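Trainee: What follows is the residue order along each chain.
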Amino acid sequence: MKRLGLIAIMVFGGLLFSISFELPDLGDARSPASTHVSPYYIEQAIHDTSVPNVVTAILADYRGYDTLFETAVIFSAGLACFFLLRITDRKAPKARFYRHLATGLTLRVEKGGRLPEDTKEFERIDSAWVPSDVIINMTCRLVVPFIQLFALYVIAHGHHSPGGGFQGGVIFGAAIILYAISNNLRRTLRRTSERTSALLGSGGVIIYLGTGLLCILLGAGFLNYSSLSLVPGLDPVSARSYGILIVEIGVGIAVTAVMVWIYYNLASAGKLDEGL
Amino acid sequence: MIWQLDLIILLMVVICGISAISIRDLLGSAIMFGAYSFMMCLLWSIMGAVDVSFTEASVGAGVSTVFFVAAVFRTTRRTRD
Chain P
1 MKRLGLIAIM
11 VFGGLLFSIS
21 FELPDLGDAR
31 SPASTHVSPY
41 YIEQAIHDTS
51 VPNVVTAILA
61 DYRGYDTLFE
71 TAVIFSAGLA
81 CFFLLRITDR
91 KAPKARFYRH
101 LATGLTLRVE
111 KGGRLPEDTK
121 EFERIDSAWV
131 PSDVIINMTC
141 RLVVPFIQLF
151 ALYVIAHGHH
161 SPGGGFQGGV
171 IFGAAIILYA
181 ISNNLRRTLR
191 RTSERTSALL
201 GSGGVIIYLG
211 TGLLCILLGA
221 GFLNYSSLSL
231 VPGLDPVSAR
241 SYGILIVEIG
251 VGIAVTAVMV
261 WIYYNLASAG
271 KLDEGL
Chain V
1 MIWQLDLIIL
11 LMVVICGISA
21 ISIRDLLGSA
31 IMFGAYSFMM
41 CLLWSIMGAV
51 DVSFTEASVG
61 AGVSTVFFVA
71 AVFRTTRRTR
81 D
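Taken in order, these protein sequences are the chains called P and V. Anchor point for the first sequence: position 98 equals 98 in the working numbering, and the numbering is continuous, going up by one each time. Anchor point for the second sequence: position 41 equals 41 in the working numbering, and the numbering is continuous, going up by one each time.
Only chain V is shown next, with the shape it has when bound in the complex:
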């Protein structure tokens, strides 16, 4: 376990999380959420929880991003708050 790598990925998780809730464009927010999931997946695999990391990669970064994009495509890209 390299702590520098750990720290960089943890910082990326925080940055992606904050930007996912603060971006005004909902499509961008969905993509940032996918990036957040991917960073969490890397973090899980660093901690040795490979099964959880696998689930996070397939569900969080894969399918749920598609669902978000589909929902944005059928509604609107703008947010009111």
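Okay, chain P solo, but in the shape it has when bound:
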């Protein structure tokens, strides 16, 4: 069976490799894509949408449907992780571990034992806890706000530079995940709960869909942002630019929340109890 697979891979790999010589060269001006499709967008995007970054204009305006369903795919990935992994029965775990902060002693509290939850002297720790490193804690605490700021910059500046809602959302989610790794999962859950991430994930998709429906209500096609120019002080071109911005923010919120949501379910094996 293994040999058969190897032969199949060799044959189809060789076929792909031999066909790749027939592909047009990188940046060939006479290739079909460069003669029919690209010139329109490269020349007209700035006049149509006043967005200098052509990629953003294509992704969020000309091909808005694609990005809408991409966001929906991301959201369904988060939903699938939730349904596959999340364990909802609220049985207490077998044993919990507590650390006395002053002495560093570890308590193991069996099921049914009295839990020192509300005292300031004990801190609950994961069963796979290792003594936390001061360098890691401090570095992450310093770096996380800057990562979040950079993520907001990437979302807001997607019109002018590479980036946009998707990348910015992933970076923002990565900042929260970094916080969860360097501290612990329960502290992160107190700040951004599972409910928050699920609601924000669907909220981002709804922002995108709502923008499209608003365009219909204002008298143009689905996701045709030029109809937003009915808002006073906007001409059709800058209305398309603002429409792209709203949509990018929606994508950013959805992607951030879903990344965090997937991480919660994966790192705690669905219990949302003890993290990585």
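Quick caveat, the hints were computed from the structure, so don't treat them as lab data. Keep in mind the model is a prediction, meaning the values are calculated, not measured. Just to be clear, a hint being listed does not mean it is correct.
One-sided and incomplete, this derived list gives chain V residues near chain P with beta-carbon spacing under 8 Å [stated by the list, open to error]:
1) 54
2) 72
3) 73
Cβ atoms here follow ideal geometry from the backbone N, Cα and C, with glycine treated the same way.
With chain P's structure known, arrange chain V on it following the hints.
Mentor: Just chain V, lined up with the frame of chain P:
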């Protein structure tokens, strides 16, 4: 575009890809996959597709590696085949 640099990065992509599927330790495999994503990201930016390269760096080399490591942490590091 320097073709020597291009060739080195392309070779690294192939090496990382093959090692990611052939390493027996799943944690090592996840890390090799992250390295593969980073090399692909460099390759995209050499070809001038900066947006794709940005996505590859944040999603492929960043978050998906964390997801793999989390999954390995909750299951097992060994593979049976």
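Trainee: Indicate, hint by hint, whether the structure satisfies it.
Mentor: Verification of the supplied hints:
no. : hint : verdict
1   : 54   : holds, 5 Å
2   : 72   : violated, 10 Å
3   : 73   : holds, 6 Å
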